[in-house]
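Trainee: Residue numbers (the UniProt record's numbering), protein chains in the order written: chain U, 1 to 204; chain L, 1 to 496.
Accuracy of the hints is not assured; some may be wrong.
Claimed, not checked - Here chain U is said to cover these stretches of chain L; the calculated rule only asks that three of the stretch's residues, wherever they fall, bring their Cβ under 8 angstroms from a Cβ of chain U:
id	stretch
1	390-402
2	425-436
3	468-475
Quick caveat, the hints were computed from the structure, so don't treat them as lab data. Heads up, the beta-carbon is just placed ideally off N, CA and C, and yes, glycines get one too.
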Amino acid sequence: MSANALDQLLRSQTGVWRGLRSEHQNWPVIPSGFAELDALLPGGGWPLGGVLEIFSPCLGIGELSLLLPAMSYITQTKRWIAWIAPPQQAYAPALAQAGIDLAYVLVVDCRQEADIPWSLEKLLRSGRCGMTLAWPRRLSDHQIRRLQLAAEAGSALAVLYPKQPSGAGYTALRLEIKPVETGLALHILKARGSLQRASLILPL
Amino acid sequence: MAATARALSPTPTDRVDTFVKPNAATSPLWLCAYFPDLALAALHLDLDQAVACSAHSKGQTRLYAVSEPARQAGVEPGMAPAAALALCPGLSIRNRDPLAERQALQQLAEIALDFSPWVSLDQPDCLLLEIRSCLTLFGGIERLQDKLRTALQTARHHPLIAISPSPTASVLLARLSLETIVTDRQALRSALGPLPVAALELDDKILHRLFRTGIRQLTDLWRLPRDGLAKRYGAVLLQQLDRLAGQQTQILQAFHRPPSFQASREMPIELERIEHFFPAVEQLAGEFAAFLKSRDATTLGISLQLHHYDLPATRLTLDFRAGSRDPKHWCGLLYEKLERSPLPAPVLALTLLSAAIIPFQPERFSLFDDSEQPNSETEWQAVLDQLQARLGHHALKFPGTQADHRPERAMTNTPSLLNANPGLPLRPLWLLPNPAPLRLGDICLLSAAERIESGWWDDQSMRRDYYIGKDAHGRKLWVYRDLNAKQQWFLHGLFG
Chain U
1 MSANALDQLL RSQTGVWRGL RSEHQNWPVI PSGFAELDAL LPGGGWPLGG
51 VLEIFSPCLG IGELSLLLPA MSYITQTKRW IAWIAPPQQA YAPALAQAGI
101 DLAYVLVVDC RQEADIPWSL EKLLRSGRCG MTLAWPRRLS DHQIRRLQLA
151 AEAGSALAVL YPKQPSGAGY TALRLEIKPV ETGLALHILK ARGSLQRASL
201 ILPL
Chain L
1 MAATARALSP TPTDRVDTFV KPNAATSPLW LCAYFPDLAL AALHLDLDQA
51 VACSAHSKGQ TRLYAVSEPA RQAGVEPGMA PAAALALCPG LSIRNRDPLA
101 ERQALQQLAE IALDFSPWVS LDQPDCLLLE IRSCLTLFGG IERLQDKLRT
151 ALQTARHHPL IAISPSPTAS VLLARLSLET IVTDRQALRS ALGPLPVAAL
201 ELDDKILHRL FRTGIRQLTD LWRLPRDGLA KRYGAVLLQQ LDRLAGQQTQ
251 ILQAFHRPPS FQASREMPIE LERIEHFFPA VEQLAGEFAA FLKSRDATTL
301 GISLQLHHYD LPATRLTLDF RAGSRDPKHW CGLLYEKLER SPLPAPVLAL
351 TLLSAAIIPF QPERFSLFDD SEQPNSETEW QAVLDQLQAR LGHHALKFPG
401 TQADHRPERA MTNTPSLLNA NPGLPLRPLW LLPNPAPLRL GDICLLSAAE
451 RIESGWWDDQ SMRRDYYIGK DAHGRKLWVY RDLNAKQQWF LHGLFG
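Chain U on its own, in the form it takes in the complex:
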C-alpha cells in the first residue's frame, strides 16, 4: 500500500485521530492570558472554532478564572459570551471586575437538557458569539461533533464542562484541572495539532 493510499484511508476514517497535523495548523486562536499556557497550546492560545472540554472535579476551584482573560478579550472585540444553563448564578459584578463588558454577556436558561446542545449550536453558528459555556450532563459523540462543526462555522470557542469523559472525542482541546496548594494544576489530555501531553501549574 502506497503512502498516498494509506493517507486517504486514514482520512476516510473519522474515528482516527491524527495528531501530527500541525503543519496544517491554520485556525485562529485567542490568547489565554497566561504566557506559559499559551506556549503549550498549539497555535499559541485557545482555538477559535473548536470545542474545549474541561474536566473539573467541582465548581469553585478556578475553572472559570482560567478563561476570564479570554472572555475579557472576546467582549472587547464586541463578540458575545453565552452561558448556557449555568449550574449556579453567574455573578455580574465579578464579571465586570474581571474586565468583561457586560453588554456582551448572555445567560440562557434551559429547562430541558435537550435544549442545551440546540441552543449551543444556534449561538455558535451565529458568528456573533465568541464563546459559549455549558455544563451538559451528557453529550453523545455526534452532538459534540456537531458542536465542533458549528464552532468552526462561527469561529467561536465552545467550552464544555462535562460531568464525565465521553468516548472518541472530536474536541479540539481537552483539559483536566485540579486544585493544588500553589494554584491550579492543568493537564492537557488532548490538543488538536499536537501530540504533547503536558502539565503545568497556574497560580490562580
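Assemble the complex: chain U is given as a structure, and chain L must be docked to it using the hints.
Mentor: Just chain L, lined up with the frame of chain U:
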C-alpha cells in the same frame, strides 16, 4: 399702476386662461375600479373553473355571481342553483360571504392607497380613487391606470376601470363595463348620453313611465327642461342626473389604513401535517410583511391561530426582541414551534394577527468601520428570537450591575451600561441564590473581613462580615458571618 399690472399679466386672453385652468386642475377626477368577480375572488375560488356563489334573497337561493366558464355554459346570475347545475353539471356553488368581500375590498384599497391618498370604500364592490392630485407623479392618466390595473391584478382581482370628474358617473361607467376616460366636466354629459336610462338607480315605476314617454337614453333626459322633469318624476331623478354630471358635490369617506393586521385562510380540507398547511402560513406572513413594508413599519410580534373543528383554536405567539418584518424569520420560528407542539386536531383554517406595529428603524452602522457585517446585528437578534421562541419568554437574561452594597441586589437581569460598583473587593464568579448554612470546620480564611451593613431603609437589612475561604476540596469560597443571626456562618459564593 395700470402699466405694472399689464406688465405682470401679459394679455387679457391669458388672464382668462389662468382663471379657467386652476379650476380644472383642482376639480377632482374620480377613478372607479369595479370588480365584477369580487364575490367569487373573495372566496378564493379559481375563476378559470366553472364556479358560482349563491345568496339568499326573499326566501329563495339564487346565484349571485358566476365565473366566465360558467357563463359560457349558459349560467347567469339570478338563476336557481338547480337550474344552473342542470346547465353546467360541473358547477361548484358556494355561499356568498359579504364579510370576506369587504375584507378583500379593504385589501384592494390598501393597494390603491399606493396610488392616491384618497380612496373610498363607499360602494360595496368598487373602489373610488381621487386621482387628479397625483397625475403628475405617475405621468398621466393612462400610465396611472395601467399601473393600478397591474397592481390589482397581481392581487388576483380583475378590475374594470372608468375615470370621470363625477364619482357616480365613474361607478356607472365601470359597472356597465365601459372603460372610459373623461377628464372634462363639459365632455361628461355627452359621454354619458348614449347610456340607457335603465342603468340609473331608479325604482321600476319611474323607469316604466320614462320608457313609455319614449325616453331610452340619458341624452333624451338631458334635453328635457329641469322644472318639468322635477314636477313629473320627482326630485330624486334630478338629483341623480346632477350627481352624474358632477354638478352636485359629493363627499366620499376616505379609507384609512387600520393600525393592525389580520388575515385568514380557510383550508380546502382538514389538514393534519405541517407541510400541507404551512404554505398558507407562508402566504399570510408574506401578506403581513408587504403590509408592514408599505407603512415603513415593523411588528413586535405575531400570533397564529389554527382553527379546529369543535375544539378551541391553537394559538402560537411570537414575540420579537426588536421590530421585525422578515417573513422568512417568522416562518422559521413558527415552523419550529409547530414541529415541537403536536396539534390536538386537524387544521381547518388559519388566522394571522399582528401584535404592536412600530415604525421601522433602519440599522445604524459606522461609516468607516467595515469589520462587522452590516446586517449582523439583525441576524443576531434573529438568533435570540429563535432561542426565545423555543425556550420561553424569560429564558434569555442579560446580567447587569446595580448600585447596591448588598451582594444579592448588586446584580440585575437587565443590561446596564456602567459598572455600578467600582472599587469593590474581589467578588465571586458564582453566587448562590440562597446562602447555605455552613460549619466553618476545616475552612481556612484567606482574607480579612469585609463588613457589609446596608439596607436599614427597607426590609432587607443586613449586617455581615464576608471572608474568602478555602475548603478541603481546594474550592475558594465566599463565606460570611451573619452578625444579626447569632453569628451563624453561611456560604454565599464560589470563586469559580
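Trainee: Does each hint fit the structure? Answer for all of them.
Mentor: Here is what the structure says about each hint:
no. : hint    : result
1   : 390-402 : holds (count 11)
2   : 425-436 : holds (count 8)
3   : 468-475 : holds (count 3)
Checked against the numbered hints listed earlier, the structure breaks none of them; every hint is satisfied.
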